[in-house]
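S.K.: Here are the chains, one letter per residue:
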Amino acid sequence: MSKSTLSTQFRKVDVDEYNEDNYTEDVDQTQEDAGPNESEVNSYLMQAKNLDALQVVLKNPPVHSKNQQTKDRALELVIRVLLSFKSSDIEPAVKSLDKDTIDTLMKYIYRGFENPSEKSSAVLLQWHDKASEIGGLGSIIRVLTDRKRV
Amino acid sequence: MTEKHSFGNEPITCHAFNRDRTQVAISSSSNQVHIYALKGGAWEKVYELNEHASRVTSIDWAAQSNRIVTCAADRNAYVWQRDSAGDWKPTLVILRINRAATCVAWSPDENKFAVGSGARLISVCYFEEQNDWWVSKHIKKPIRSTVTCLAWHPNNVLLAAGSSDFKCRVFSTYIKDIDKKPDATPWGTKMPFAELMLELNTSNDCGGGWVHGVSFSPSGNKLAWVAHDSSISVADPANNPIPVTLNTDFLPFRCVQFVNENSIAVAGFDYCPMLFSCNRGINFVRKLDQSEKKEAGKLSHGNPDGDEYMSAAAALQKFKTIDNKAAVDGSETVLNTIHQNAISQLSIHSGSRDQVTKLCTTGIDGLLVIWDLKGLEQSMAAMRV
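Read top to bottom, the protein sequences are chains A and B. Residue 16 is where the first sequence starts when you use this note's numbering, and the numbers rise one by one after that. Residue 409 is where the second sequence starts when you use this note's numbering, and the numbers rise one by one after that.
Bear in mind the hints are in silico, worked out from the structure with no lab data behind them. In this text the structure is predicted, and so the values were computed from the model without any measurement. It cannot be assumed that every hint is accurate.
[Unchecked claim] One-sided and incomplete, this derived list gives chain A residues near chain B with beta-carbon spacing under 8 Å: (1) 101; (2) 118; (3) 132; (4) 134; (5) 137; (6) 140; (7) 150; (8) 153; (9) 156; (10) 161.
[Claimed, not checked] Each computed DSSO-like pair below joins lysine-lysine, with the alpha-carbon atoms no more than 30 Å apart: (11) 412/B with 766/B; (12) 728/B with 695/B; (13) 110/A with 695/B; (14) 549/B with 27/A; (15) 110/A with 27/A; (16) 114/A with 145/A; (17) 74/A with 86/A; (18) 163/A with 64/A; (19) 86/A with 134/A; (20) 584/B with 549/B; (21) 163/A with 548/B; (22) 114/A with 695/B; (23) 27/A with 412/B; (24) 145/A with 584/B; (25) 412/B with 163/A; (26) 101/A with 81/A; (27) 110/A with 86/A; (28) 549/B with 81/A; (29) 64/A with 145/A.
[What the hints assert, rightly or not] Some chain B residues flagged as far from chain A (calculated, every beta-carbon gap over 12 Å): (30) 574; (31) 723; (32) 757.
Beta carbons are placed, not taken as given, at the ideal position from N, Cα and C, and that holds for glycine.
Just need the whole structure built from these sequences, with the hints factored in.
M.R.: Below you can see the structure in the form of structure tokens.
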């Protein structure tokens, strides 16, 4: 057999490269999300008001922000809040959130899975269990398809 | 009540019924379209439409004029007409697209049809008497990715198109020599050809997934679409400039169809068609698939006295599965729903557009299932104590 039948490099050629109608992401995002309010969350955590901290930290997800640092800081904050909950408190906490907030929580949980540490994975799995009971498979699908990434 | 027909093990890519539902054209992941006729409750193959060079992606059967249009990944569409001998004769339609065609739909008056394609455009084709051939006109702007689904408005001019650029759009396909001037609609008043009447997002921001299915309500005043982020959206421009979106808990839906002015049926990766109402927000009504654990799993049948006995067939099945799969329970591979794999297309079987009485779904499992909405309603009413 000739050599050319073995190579599949042709599959990597971008046939639309020189097409002027090429799809580009919408670039009209002018909103700059600052992410959740750190000081407020910290104060709630110190007062052991975990539930309030959770509500605040999930409220303004930096989905539109181009700044990776903002997103990383928000993620760290969320993980801190999630780890501060006792196992038995997770379920009532999830029940207190509304549908959109559960979707945001799921996005953070999956982001948290990306960088596992000793403690975080187990706790995140518990959160995932409770959140998926309420959010259903739809909330997980939205983690994958929603272009507003956390 | 619910009729189930198997058309082999290959996924059914697309299907279309004739006007009285005695014949169905089906393509099962191949270049051919097979026409089956209903003979004594079972479907028998009566004809083979063999002209496409690659996979057929969509079929539509014009009810009144009895013409079939098929489109395929070979960038062509054929219009098939029945001649006096009963054979289907194809006529090639030059779509002028450089990518595969994905979906096709006859307009309500059947004088034109629209083809969506991966070439980021919609080809609207009509028959030109002068030259005795089908002419196509393109709608290009501002579509930015593959057109995945199409739906016609009852006024024969407006066309809704869902696309993989996460948006659903309504265009005008008014052709001067073919159409009468349309009246004003909630979608707009001036409708020159290829005019974008409205561009809609799934949820208000640009989050969302590919639009898989789109459908106009019987009056044409509402538009529903389903996207890959498991959402259902309904736009009602007469009452609300912003569409209403429901993010469901289910897996994404692939097809949607209005069954009356206020209810939509959806089906998709959850293997089960569902009904939602869209009056005052979108609300879940019920799943159409009420089947419980399959018969195959039931090893014993209770008789009226309460004693249980095993039928010979069930016993054989049980030992077979223990032998082959070391499984104790015989029902492991058969799911609770009628469809055993994702549903890819939903169509109206019986009833008018205003009040659909039967729906038909086809799926990747090679099954065609006809759902009786009226029967289901009655049985649900009976079950309520």
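S.K.: Test the statement that residue 723/B is away from the interface with chain A: the closest C-beta pair must be farther apart than 12 Å.
M.R.: 37 Å, holds
S.K.: Holds or violated: residue 27/A with residue 412/B, Cα cutoff 30 Å?
M.R.: 43 Å, violated
S.K.: Given residue 101/A as an interface hint, is the shortest Cβ-Cβ distance to chain B below 8 Å?
M.R.: 27 Å, violated
S.K.: Next pair to validate is residue 412/B with residue 766/B; report whether the Cα-Cα distance is within 30 Å.
M.R.: 13 Å, holds
S.K.: Within 30 Å, alpha carbon to alpha carbon, are residue 145/A and residue 584/B?
M.R.: 59 Å, violated
S.K.: For the restraint on residue 156/A, tell me whether the closest CB of chain B is nearer than 8 Å.
M.R.: 5 Å, holds
S.K.: Hey, residue 86/A versus residue 134/A, does the alpha-carbon distance stay inside 30 Å?
M.R.: 21 Å, holds
S.K.: Quick one, are residue 64/A and residue 145/A close enough, alpha carbons at most 30 Å?
M.R.: Holds, at about 20 Å.
S.K.: Report holds or violated for the interface hint on residue 161/A, using the least CB-CB distance to chain B and a cut-off of 8 Å.
M.R.: 4 Å, holds
S.K.: Are residue 412/B and residue 163/A close enough, with their CA atoms no more than 30 Å apart?
M.R.: 41 Å, violated
S.K.: Next pair to validate is residue 114/A with residue 145/A; report whether the Cα-Cα distance is within 30 Å.
M.R.: 13 Å, holds
S.K.: Holds or violated: residue 549/B with residue 27/A, Cα cutoff 30 Å?
M.R.: 28 Å, holds
Violated hints, in rising order: 1, 3, 4, 5, 6, 12, 15, 23, 24, 25, 26 and 30; the structure is consistent with all others.
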